[in-house]
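Participant: These are the residues of each chain, in order.
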Amino acid sequence: MNATSMAMAEQRIEWDRPARGRVGMLALIAAEAAIFTIFVVAYLFYIGKSLAGPTPKGVLSVPISYTICLLSSSLTIHLAAKFLRLGSLLRFGILWFATIALGATFMYGTATEWYRLIYHENLTIGTNLFGTTYYSLVGLHGFHVVVGLVTLAIVMALTLLGNVRSEHAERIDVLSLYWHFVDAVWVVVFTVVYLIGR
Amino acid sequence: MSTDALALPGTEIASRPIVSRLHDWITTVDHKRLGILYIIYALVFLVIAGIEATIIRIQLIRPHNDFVSPQVFNRLFTMHGTTMIFFVVMPVLFGFANYLIPLMIGARDMAFPRLNAFSFWMTAFGGLLLYFSLVGANGLYGAGNAPDVGWFAYAPLTSRTFSVGHSTDFWTLALLVSGFGSIGTAINIVATILCMRCPGMTLAKMPLFAWLNLVMAGLVILAVSPLTAAQIMLLVDRYLGGHFFDTQAGGSAVIWMHFFWIFGHPEVYVLVLPAFAFVSEIIPVFSRKPIFGYSVMVGATVAIGFISMSVWAHHMFTVGMSANANTFFVLSTMAIAVPTGIKIFNWLATMWGGKIEFKTPMLFCIAFLFQFLAAGLTGVMLSVAPFNWHLGNSYFVVAHFHYVIVGGILFALFGAFYYWFPKMSGKMYSETLGKLHFWLFTIGFHLTFDFMHVPGLLGMPRRIYTYEPGRGWDTWNFIVTIGVFFQAAGILVFLGNLLWSYFRGKAAGSDPWDAWTLEWSTSSPPPAYNFASIPVVKSRRPLWDLKHPADPDWNYE
Amino acid sequence: MRSRGSSNLRVRVSQVIVCTCGTAAAGFAGTAPPLSPTNIFAPASTPAKSIFGLSLFVLAVTGVIFLAVFTLLLYSVVKYRKRKNDDGLEPPQVYGSNQVELAWTIIPILIVVALFMATARVIAVVQKTLPPNNAIAVTAIGHQFWWEYRYPELGVVTANELHLPVSNPVHPTPTFISLLSADTDHSFWVPRLAGKTDLIPNHPNTMWIDPQETGVFLGQCAQYCGTQHAKMLLRVYVQSKDEFDRWIQQQRQPAFVNDAVSQGQRIFETTACINCHTVSGTVANGRFGPDLTHLMSRDTIAAGAAPNTPENLRLWIRNPNTIKPGSLMPAMELDEQELDALTAYLETLR
Numbered sequence: 009m010n011a012t013s014m015a016m017a018e019q020r021i022e023w024d025r026p027a028r029g030r031v032g033m034l035a036l037i038a039a040e041a042a043i044f045t046i047f048v049v050a051y052l053f054y055i056g057k058s059l060a061g062p063t064p065k066g067v068l069s070v071p072i073s074y075t076i077c078l079l080s081s082s083l084t085i086h087l088a089a090k091f092l093r094l095g096s097l098l099r100f101g102i103l104w105f106a107t108i109a110l111g112a113t114f115m116y117g118t119a120t121e122w123y124r125l126i127y128h129e130n131l132t133i134g135t136n137l138f139g140t141t142y143y144s145l146v147g148l149h150g151f152h153v154v155v156g157l158v159t160l161a162i163v164m165a166l167t168l169l170g171n172v173r174s175e176h177a178e179r180i181d182v183l184s185l186y187w188h189f190v191d192a193v194w195v196v197v198f199t200v201v202y203l204i205g206r
Numbered sequence: 048m049s050t051d052a053l054a055l056p057g058t059e060i061a062s063r064p065i066v067s068r069l070h071d072w073i074t075t076v077d078h079k080r081l082g083i084l085y086i087i088y089a090l091v092f093l094v095i096a097g098i099e100a101t102i103i104r105i106q107l108i109r110p111h112n113d114f115v116s117p118q119v120f121n122r123l124f125t126m127h128g129t130t131m132i133f134f135v136v137m138p139v140l141f142g143f144a145n146y147l148i149p150l151m152i153g154a155r156d157m158a159f160p161r162l163n164a165f166s167f168w169m170t171a172f173g174g175l176l177l178y179f180s181l182v183g184a185n186g187l188y189g190a191g192n193a194p195d196v197g198w199f200a201y202a203p204l205t206s207r208t209f210s211v212g213h214s215t216d217f218w219t220l221a222l223l224v225s226g227f228g229s230i231g232t233a234i235n236i237v238a239t240i241l242c243m244r245c246p247g248m249t250l251a252k253m254p255l256f257a258w259l260n261l262v263m264a265g266l267v268i269l270a271v272s273p274l275t276a277a278q279i280m281l282l283v284d285r286y287l288g289g290h291f292f293d294t295q296a297g298g299s300a301v302i303w304m305h306f307f308w309i310f311g312h313p314e315v316y317v318l319v320l321p322a323f324a325f326v327s328e329i330i331p332v333f334s335r336k337p338i339f340g341y342s343v344m345v346g347a348t349v350a351i352g353f354i355s356m357s358v359w360a361h362h363m364f365t366v367g368m369s370a371n372a373n374t375f376f377v378l379s380t381m382a383i384a385v386p387t388g389i390k391i392f393n394w395l396a397t398m399w400g401g402k403i404e405f406k407t408p409m410l411f412c413i414a415f416l417f418q419f420l421a422a423g424l425t426g427v428m429l430s431v432a433p434f435n436w437h438l439g440n441s442y443f444v445v446a447h448f449h450y451v452i453v454g455g456i457l458f459a460l461f462g463a464f465y466y467w468f469p470k471m472s473g474k475m476y477s478e479t480l481g482k483l484h485f486w487l488f489t490i491g492f493h494l495t496f497d498f499m500h501v502p503g504l505l506g507m508p509r510r511i512y513t514y515e516p517g518r519g520w521d522t523w524n525f526i527v528t529i530g531v532f533f534q535a536a537g538i539l540v541f542l543g544n545l546l547w548s549y550f551r552g553k554a555a556g557s558d559p560w561d562a563w564t565l566e567w568s569t570s571s572p573p574p575a576y577n578f579a580s581i582p583v584v585k586s587r588r589p590l591w592d593l594k595h596p597a598d599p600d601w602n603y604e
Numbered sequence: 638m639r640s641r642g643s644s645n646l647r648v649r650v651s652q653v654i655v656c657t658c659g660t661a662a663a664g665f666a667g668t669a670p671p672l673s674p675t676n677i678f679a680p681a682s683t684p685a686k687s688i689f690g691l692s693l694f695v696l697a698v699t700g701v702i703f704l705a706v707f708t709l710l711l712y713s714v715v716k717y718r719k720r721k722n723d724d725g726l727e728p729p730q731v732y733g734s735n736q737v738e739l740a741w742t743i744i745p746i747l748i749v750v751a752l753f754m755a756t757a758r759v760i761a762v763v764q765k766t767l768p769p770n771n772a773i774a775v776t777a778i779g780h781q782f783w784w785e786y787r788y789p790e791l792g793v794v795t796a797n798e799l800h801l802p803v804s805n806p807v808h809p810t811p812t813f814i815s816l817l818s819a820d821t822d823h824s825f826w827v828p829r830l831a832g833k834t835d836l837i838p839n840h841p842n843t844m845w846i847d848p849q850e851t852g853v854f855l856g857q858c859a860q861y862c863g864t865q866h867a868k869m870l871l872r873v874y875v876q877s878k879d880e881f882d883r884w885i886q887q888q889r890q891p892a893f894v895n896d897a898v899s900q901g902q903r904i905f906e907t908t909a910c911i912n913c914h915t916v917s918g919t920v921a922n923g924r925f926g927p928d929l930t931h932l933m934s935r936d937t938i939a940a941g942a943a944p945n946t947p948e949n950l951r952l953w954i955r956n957p958n959t960i961k962p963g964s965l966m967p968a969m970e971l972d973e974q975e976l977d978a979l980t981a982y983l984e985t986l987r
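Residue numbers (the numbering used here), protein chains in the order written: chain A, 9 to 206; chain B, 48 to 604; chain C, 638 to 987.
By construction, these hints were calculated from the structure, which means they are not laboratory data.
Please note: incorrect hints may appear among the correct ones.
Result set (DSS-like, lysine-lysine): computed pairs, CA atoms no more than 27 Å apart in a straight line [stated by the list, open to error]:
id	chain 1	residue 1	chain 2	residue 2
1	B	Lys402	C	Lys686
2	B	Lys406	C	Lys686
3	B	Lys402	C	Lys721
4	B	Lys482	C	Lys719
5	B	Lys402	C	Lys719
6	C	Lys765	C	Lys686
7	B	Lys482	C	Lys765
8	B	Lys553	C	Lys719
Pairwise CB distance ranges, derived in the manner of DEER restraints [said to hold, decoys possible]:
id	chain 1	residue 1	chain 2	residue 2	range
9	B	Phe114	C	Cys913	30 to 40 Å
10	A	Val154	B	Arg551	50 to 60 Å
11	A	Val155	B	Arg551	44 to 54 Å
12	B	Ala579	A	Pro26	49 to 59 Å
13	C	Ser815	A	Val195	38 to 48 Å
14	A	His176	B	Ala251	31 to 41 Å
15	B	Arg161	C	Asn958	52 to 62 Å
Idealized CB from N, CA, C, for every residue including glycine.
All chains, full assembly: derive it from the sequences and hints.
Facilitator: Okay, structure coming up:
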């Protein structure tokens with residue numbers, strides 16, 4: 009067609025490149041990890057520096073069960089993806105739903121914790137340095153969980169409509185990378201806020 | 048866009064209505080069109096920020112001048128810096144990266160074309176948001192109020208107490224929004240380069256342009272994110288009563304500086320690595336030799352990327368860090384000078400033994416080499432912390448970073464404009480006007496930025512709307528301002544050349560420079576699909592191999 | 638091969654070069670007619686001198702590097718330009734050279750090591766010096782847009798013009814300044830006396846000056862702090878020990894009382910002035926603005942923005958924005974007669 013484009017001889021060579029969805033998601037995860045790092049650094053830096061108001065030791069209670077929920081959801085999503093690749097759509101659907109349920113439970117736990125802190129312990133984002141850094145860090149993580157839940161719910165809807173098949177396994181893998189990341193961040197946040205900070 | 052390639056002989060294609068063509072541009076996901084949109088966007092803001100700089104310099108032409116009030120002056124330097132970095136240099140570099148990377152690696156488009164479009168429009172919206180502050184940020188008497196906190200917006204000046212009204216919020220939101228655009232583009236660049244190279248193009252065989260943009264994208268991902276985090280924290284302070292930077296509540300003003308400069312230093316490498324990319328493509332072609340030391344250039348680039356994440360507090364030598372902290376940052380900053388110097392030597396060695404043609408792109412790249420050398424050395428001076436205790440926050444720093452950004456990056460960018468304009472438009476620019484632009488701008492650049500170092504050495508701090516007579520600064524400031532008018536003239540010649548050549552230039556052909564990378568194998572401008580069939584390459588200079596079948600590169604690499 | 642004649646020529650040429658550079662440096666250093674009262678190359682205090690020595694070393698090293706690479710670049714651009722009678726063939730295609738790469742990696746590393754070690758030494762000298770027993774202690778508090786100075790051990794509070802005793806190498810009497818801020822970030826920079834150090838709220842810093850000559854040393858705030866950052870000027874008066882002691886004694890006195898200006902004093906005390914300003918020995922006890930007890934002992938007003946004359950003082954009180962637009966002192970809407978009386982009162986605060 010184009011007179012000046014060069015016609016190069018087709019050669020048979022092995023040519024392996026990584027999948028772009030996966031690389032893109034990993035790059036996004038790197039960016040998000042950098043954002044979270046700054047919030048974690050701020051949290052650590054300000055431990056013990058509040059001039060007044062509630063302290064972590066005084067008001068925080070360790071959310072063990074909700075953490076177990078969230079971390080288990082990593083397992084369920086992993087299994088769901090595996091079953092999708094094998095073509096077992098029913099098991100995929102059930103495990104996918106379980107992932108959403110576990111994630112939603114975690115958010116419910118965060119909501120009740122925050123309710124208690126705000127209305128019973130008088131800790132708000134503006135109370136003191138602890139309040140500011142706590143709500144920002146946990147809130148940023150919660151925001152990422154919610155975004156994840158929304159995308160998982162969209163996939164759930166598409167599954168129920170019968171639009172998700174085993175050839176979409178690669179995309180489901182990419183999405184579950186994001187979900188694993190969210191869980192990994194929670195491990196860090198949990199450690200910093202409920203173990204180190206108290 | 049070329050429809051010629053699809054025309055059957057003897058037929059005519061009616062021009063589509065303008066609304067329909069505009070709609071195409073606004074909804075495009077084609078990397079070439081998005082690249083051009085980025086570039087035009089940046090040129091518009093270049094003129095605006097240039098006017099801001101001109102007003103600043105007129106105010107400073109003599110002591111106790113009253114061309115503008117202190118309030119207006121403070122807004123001018125804030126807007127000039129913010130605009131130039133986020134809405135001129137970053138967009139234009141993303142524009143060139145978008146346009147050229149797929150062509151150079153033998154791909155049909157970027158990895159995520161829709162993300163590409165989304166990122167462009169986010170960046171564009173961010174710029175409009177920043178300038179909307181002139182109208183929307185309630186100032187006195189209902190007039191608008193641009194931000195006036197400086198481009199690095201130190202706390203607590205940005206708190207509600209000291210920055211009343213919303214001008215600071217426009218600054219914060221504009222950068223937050225365009226930051227998402229930058230991160231999106233960076234993700235796209237990484238995925239494209241890692242996943243879409245044509246067969247045979249291993250990482251060791253891709254053009255240095257691709258390598259440099261890959262490392263740049265990695266830096267954007269790691270460095271713009273901290274700025275995003277800091278902006279969110281500032282918004283929490285200003286709107287939700289937070290105390291991240293509230294010194295009255297025990298918060299730290301210094302931690303804003305750390306977070307900002309963890310972004311701010313890698314950011315300057317984000318700006319300069321693509322400039323290195325341009326120079327690394329142009330100098331070999333106009334010296335008629337391959338780049339000297341390709342692997343070392345790649346290694347130096349990666350080293351610069353890594354080290355740049357560890358030098359940030361050299362912007363904070365006067366803040367009162369401990370002697371040990373200051374000493375560490377001296378070491379890391381000096382260390383980064385080594386790979387950077389290596390690059391200059393490699394460019395020099397590329398020209399050495401070659402046959403240099405002084406076309407406009409090469410003139411700008413040669414000037415880049417001299418000027419970047421000087422800029423790097425003033426950087427080394429600034430890395431010496433005790434010397435920095437004088438030079439920091441003075442006009443010496445302003446001279447240094449303008450030497451890098453204008454004398455280095457902008458010159459390389461002009462070189463890139465002239466080099467790739469024929470490819471993008473299909474027309475040759477006027478070489479006479481190009482050389483006129485070069486000389487006008489170079490004279491102006493040196494008048495302004497060489498002499499700007501002196502007031503710094505004589506004690507003149509930055510960000511002052513006026514200065515006292517009798518401190519020995521007057522004559523130097525005068526000369527600095529005169530240089531601005533030469534630069535402005537050069538820019539006008541440049542823009543005129545681009546416009547005139549686009550409509551009246553001679554046809555350029557696909558390979559006017561007898562170059563060696565894949566973009567020169569397509570027509571000028573390239574068709575929408577870039578390549579009729581995906582190329583297969585065997586060396587770093589696929590077109591050299593085709594033009595010299597008896598002596599291909601792959602025997603020597 | 639080099640002959641004796643040519644080596645003499647080399648010596649002559651290098652002598653000329655050194656003389657030229659030396660003259661230029663001397664000009665910069667202020668031994669020639671002073672280029673500037675804020676010239677960083679004219680140090681008059683120990684920390685500034687340490688920095689000066691280091692900076693000469695750094696300039697020499699970077700200067701040599703610049704000349705060398707500049708020359709090579711210029712040479713390559715001239716020698717390897719394409720000639721008019723070019724044969725049209727491509728030049729030899731050279732891809733790289735490991736030895737050359739190694740050489741120009743190792744040499745810069747060595748230069749970096751040398752620079753780093755010199756720098757680390759001066760950092761330690763300046764930052765790790767502890768105050769001797771007879772050091773003068775000053776607390777400097779940065780405000781938008783003026784400087785508050787307190788001498789805690791000497792019982793003095795003043796503003797904008799800092800007085801210090803001169804020191805000498807045999808019996809040093811340096812001054813150690815504690816740097817605080819009442820609002821936003823500032824920076825204390827008097828180039829001939831020391832490098833700058835920032836004043837940051839909730840982040841106390843320390844710096845020291847060891848002035849070796851008497852005189853008035855100028856500087857200004859070097860960290861953008863708001864609208865009038867440009868006119869937050871610094872004046873440091875280095876005096877002999879006797880003069881300094883006399884100044885301290887005078888500053889410790891409460892304000893002069895003079896019945897002739899009682900009307901002005903009444904205006905001062907009943908308008909909002911006392912909310913911001915202190916005049917010791919009277920009811921005026923404000924801390925937001927400068928202490929005015931010995932206002933007339935200063936050469937300038939408004940942190941150096943204007944000379945301290947009755948006209949300027951009156952103009953300032955009537956409307957600070959005429960001298961320093963954006964200053965935080967409001968115009969008090971006084972009429973002409975009140976302004977006269979008030980100025981007359983302030984003029985008695987010696």
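Participant: All the hints need checking, so say for each whether the structure fits it.
Facilitator: Hints, verified against the model:
no.	hint	result
1	B:Lys402 <-> C:Lys686	violated, 50 Å
2	B:Lys406 <-> C:Lys686	violated, 49 Å
3	B:Lys402 <-> C:Lys721	holds, 11 Å
4	B:Lys482 <-> C:Lys719	holds, 18 Å
5	B:Lys402 <-> C:Lys719	holds, 4 Å
6	C:Lys765 <-> C:Lys686	holds, 16 Å
7	B:Lys482 <-> C:Lys765	violated, 55 Å
8	B:Lys553 <-> C:Lys719	holds, 24 Å
9	B:Phe114 <-> C:Cys913: 30 to 40 Å	holds, 32 Å
10	A:Val154 <-> B:Arg551: 50 to 60 Å	holds, 56 Å
11	A:Val155 <-> B:Arg551: 44 to 54 Å	holds, 51 Å
12	B:Ala579 <-> A:Pro26: 49 to 59 Å	violated, 26 Å
13	C:Ser815 <-> A:Val195: 38 to 48 Å	holds, 44 Å
14	A:His176 <-> B:Ala251: 31 to 41 Å	holds, 34 Å
15	B:Arg161 <-> C:Asn958: 52 to 62 Å	holds, 54 Å
In the structure shown, a violation is registered for the earlier hints numbered 1, 2, 7, 12, in ascending order.
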